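J.: Here's the letter readout for the chains.
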Amino acid sequence: MVTDKSATQVAESVEAPRETPVGWQPNIIAFACHYCAFAAADLAGVMRLSYPTSVKVVRLPCTGKLDHVYLLRAFERGVDGVFAAG
Amino acid sequence: MVNPQQQQRERTGTVLVVGSGIGGMQAALDLANSGLLVHMVNDEPSIGGTMSRLDKTFPTGDCAMCMISPRMVESSRHANIRLHTMARVTALSGEEGNFTATIKEQPRYVDPDRCTGCGACEPECPTKVVNAFNQGLDKRKAIYALFPQAVPNTRAIDPAHCLYLTRSVCRKCEKVCEAGAINFADTGRQIDVQVGSVILTPGLQTYRPEISQEFGYGKYKNVVTALQFERLLSASGPCGGTVTRPSDGGHPKRLAWVQCVGSRNAHNANPWCSSVCCMYAAKQAIIAKEHDPAVESTVFYMELRAFGKDFDKYIDKAKNDAGVVYRRAMIAGVVEDPATGNLQVHSVGEDGRLLRQEFDLVILSIGFEPRADAAEFARIFGIDADSYGFAATSKLRPVETSRPGIYVAGTYQGPKDIPETVLQGSGAAAKAMALLADRRGTEVSKVVLPDERDISGEEPRVGVIVCHCGTNIAGTVDVAKVAEIAAREPGVAHAETILYACAPDGQQKIRDLIRDKNLNRVVVASCTPRTHAPLFQDTIREVGLNRFLFELADIREQCSWCHMQEKELATAKAVEIVNMNIAKTRRLDAVHSSSVGVDHSALVIGGGIAGMTAALSIASQGYGVQLVERADRLGGLLGQVRRTVDGDDVQAYLTAVIAEVMAHPAINVHLGVGVEKIDGFVGNFITTLSDGSHINHGAMLVASGGEEYQPVEYGAGQSERIITQRGLENLLAEKGPGSGRTYVMIQCVGSREEPHNYCSRICCQDALKNSIAIKEKDPTARVVVIYRDLRAYGLKEEYYRRARDLGVLFLLYTPDDKPEVEVLPDKVRVALSGKVLGHPLVIDADSLVLSAGLRPRADADELAKKFKLTCNSDGFFLEAHVKLRPVDFPSEGFFLAGLAHAPKNLEETISQSLAAAGRVGALLSNDTLTVSGVISKHNRQICMSCLACVKNCPFGAPFIDTDGRVSHNEVKCTGCGICAGVCPAKAYQVNYFRDDQLLAMIDSVTTQAEPA
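For the record, the sequence lines run as chains A and B. Note that the first sequence covers residues 927 to 1012 in this note's numbering. Note that the second sequence covers residues 735 to 1746 in this note's numbering.
Chain A on its own, in the form it takes in the complex (with noise of 0.2 angstroms):
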């Protein structure tokens, strides 16, 4: 049947994962709380550790705040992984 086969191609597609290129780094959008990650996100910078500069930061009031509307629209729109931190 139609829909079984699309539906193993779909299975066969997420079982061969796509190679990964040679210095690729992640897009991740880091969702984080105003008054706790946000601030250990500042410290990092205080204390002058390093990370991938792929990393993107969007500040919340608070955790609370984050919407799987949020996280649908990011991995839509391409990032390779989402981060929330609160």
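Mixed in with the good hints there might be a few duds.
Unchecked claim - In silico DMTMM-like cross-links for lysine to aspartate or glutamate, where the CA-CA straight-line distance does not exceed 20 angstroms:
(1) Lys1720(B) / Asp993(A)
(2) Lys987(B) / Asp1055(B)
(3) Lys1685(B) / Asp993(A)
(4) Lys1671(B) / Asp993(A)
(5) Lys1411(B) / Glu1596(B)
(6) Lys1469(B) / Asp1512(B)
It should be emphasised that the hints constitute simulated quantities derived from the structure, not laboratory data. Just so we're clear, the structure is a prediction, and the values are computed from it rather than from any experiment.
Start from chain A and add chain B according to the hints.
T.: Quick look at chain B alone, frame taken from chain A:
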């Protein structure tokens, strides 16, 4: 006889603050915020004091200028603060409540009303003068700003070097000044002001190291002072933050710090410990390593005095992460190799042999001393000085001078670091607030802001300001490129870069741009919004833009500082950060905040000396106090202390304080109860006590104390001869020291080692106090103190010296080679292996005294959870900012004092409690508080009343109304947005964090990831 006329005369609701360093500014801002008028007098052309000369601060490595700059701006803009720069107080008459102060302002020769701070005059000035601000490392002009971020930003002409003022030629600055601000006819002015109280914060001067000739300062170019090294490290210093050697401009790799230069030495120097040098040397070594990973640092020290909160961990960081070598050695001398300019440091190694080591740069850790004019200063204000020249105070009244109504804060009261200066500033302010409580609001005027411009319906015109932050950002990120790209974003009307956005000239620039470019929204790309957003929000509000038409793009903490090694990638990330904030800002709308009333009372948790001191101060400022103590009596740990090291009778003092608390009509004491839960918000808390009663209050002060460690080490409990310092104090008071007995004390018992790797701060002082008491009563007694670092910081060095003079023996041990204790029938045998001494040593003691430290309360964690506060890794409550907000919690309306914060002695506890009371008072003086505009807005039209929000809101803001539907209490709302997250109908939108605004950020930062 009291003159009835005098008694009737009303006190003046104005305070004179003399000195405008960080302590003076703190006092002035607290007073001004409590409704008193402040005259702040400062003898330099800019406010800022010593802290403005520092590059970074320990133990967080925060940029000093970034912290102090907003305070300077706030001080200069506050409607209740009158600044008098280049001025001195020449006379003070009158008495507590009614003083007349004569202020003499030196001529500045530049009219502050006309000067724009553009700086066009400076390049024209032909005269170069040694730049004292940069510690003589470079030159400035005769017309100058003290430093780039100076406040006020009006230049001054140095009359001793100006060609026109000395030889009547030149006037080039006058010709180039388009504002016509130069005024050579300026003669200064003298004014009399009426004030009710005076706070003295004149600050310090540093020791002149050329006096100690063995270090070669002034003779060898590559021997610099620590303050000079601060300027060498500073991005706004003479070499732009790239450390260079004075002799040849090379980059020094081998750095040596010599500690205690000018301190702890009564011969040609000062006898006291300057308190801060151990820590600033560690900081400088860590920062130097950050600047250049090839740097190798050595610190030559006598005693490592890392006695403050988290200080020992910072030293560990210096040793382990920055590779700093600590050498316990006194320096015999420094000799230059004339061919290279390198320096040979002569010291004695631990094996007793002479060592010579070569370094590229030697940094002298110079100490503090009272200013040269301290004696004259004390005379003008009619106060007593101690034998060293510091303002005389007592251990029990640390911010009060000998003259009623005159208070003191900061290093004029004795050497201390920034947070202690800040808290004494707040503490002195609390004293003045109590004195002038009934005069609040009588001398001040209200801030008048222009009407807000209605921008609804306008197309977005975003202005983007990208800050260099000296080299903090621009050293890594190509800020010009960031601005250039930002300018092409939709809705952006203007973008440019600026050296320091937060400096007054930077803020003026922002105000000018809003007007000139007709901007209706602003993005500043600089540092973290957590500290700097309020400043910029005020700035745009002053020209009529709503505070919420602003966003701060964090390209320093979250970009330049963590991607220093990847300049191009960092620039690309900065572009993304700025663009996503532009995307949000385009969609920003004005947010209007409402205000709520304030309950003019405070809840104080803890009936120890901290809680009681604060309660009395808050009550005397005119507010109600509910004092809650879980024990059935007041007094706390202080009940076990008999006297201070100065001999003050602690129990008599404590009894008097308890009596005063019990008798005070505005203080309500609850004994034997704890706190069950706390509801509400700043200004309007409702707390439930364990006895079921409810208390309404506007502020909350946590002074819940600590505990004394009961040692198990060194045979504790195995013999009556093994006691703690507290036990010894009781023994000495009850029985005396006996005759010819031997006392051995072991320091750091249960402190400075995992899992309690912090200094308990009071144990060295306790050991000195008891040692002196024994030897003074019985000179034949033998007292041996076995220690790691004798932390007799500040003026307490005097007691260390006195103990040594009395014959107390001090022997060193290290944590990997501790003394061994054996309990014998009639004595306690203490053995030292001799690794440090060179030969083993056995002492038979009649008493072994263990210096056991302080611990946080066992239930501190539980309390923290209840109040939603945080603790540090040692279990002590964490303040909002270790330097500048030492008694505030991050949660609004919560304050902190005493052992709950960190170990400290009685004098420090009293200062801190007064400070917390001052902060509480400044809050409670408000009749209304403006509620944050960042709250959730409920759309009842599309709400289905599914109750998801009612179930999930931790603050109880959504409720079922009389119609049986969901409504929302905005006063209880904290803007966390949980309701918005769980609402299936999307009936909630959080102001300033709306879904469309956040999705725009996500879309912006993912554009490059889209398939082409």
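J.: Now, for every hint given, state plainly whether the structure supports it.
T.: Cross-check of the supplied hints:
1. Lys1720(B) / Asp993(A): Measuring from Cα to Cα gives roughly 10 angstroms; hence the hint holds.
2. Lys987(B) / Asp1055(B): Since the Cα atoms of Lys987(B) and Asp1055(B) sit roughly 17 angstroms apart, the hinted pair holds (cutoff 20 angstroms).
3. Lys1685(B) / Asp993(A): Holds. Lys1685(B) to Asp993(A) sits at ~17 angstroms (cutoff 20 angstroms).
4. Lys1671(B) / Asp993(A): holds, 16 angstroms
5. Lys1411(B) / Glu1596(B): With Cα atoms ~11 angstroms apart, Lys1411(B) and Glu1596(B) stay inside 20 angstroms; holds.
6. Lys1469(B) / Asp1512(B): Holds. Lys1469(B) to Asp1512(B) sits at ~12 angstroms (cutoff 20 angstroms).
Comparing the model with each earlier hint shows no violations; every hint is respected.
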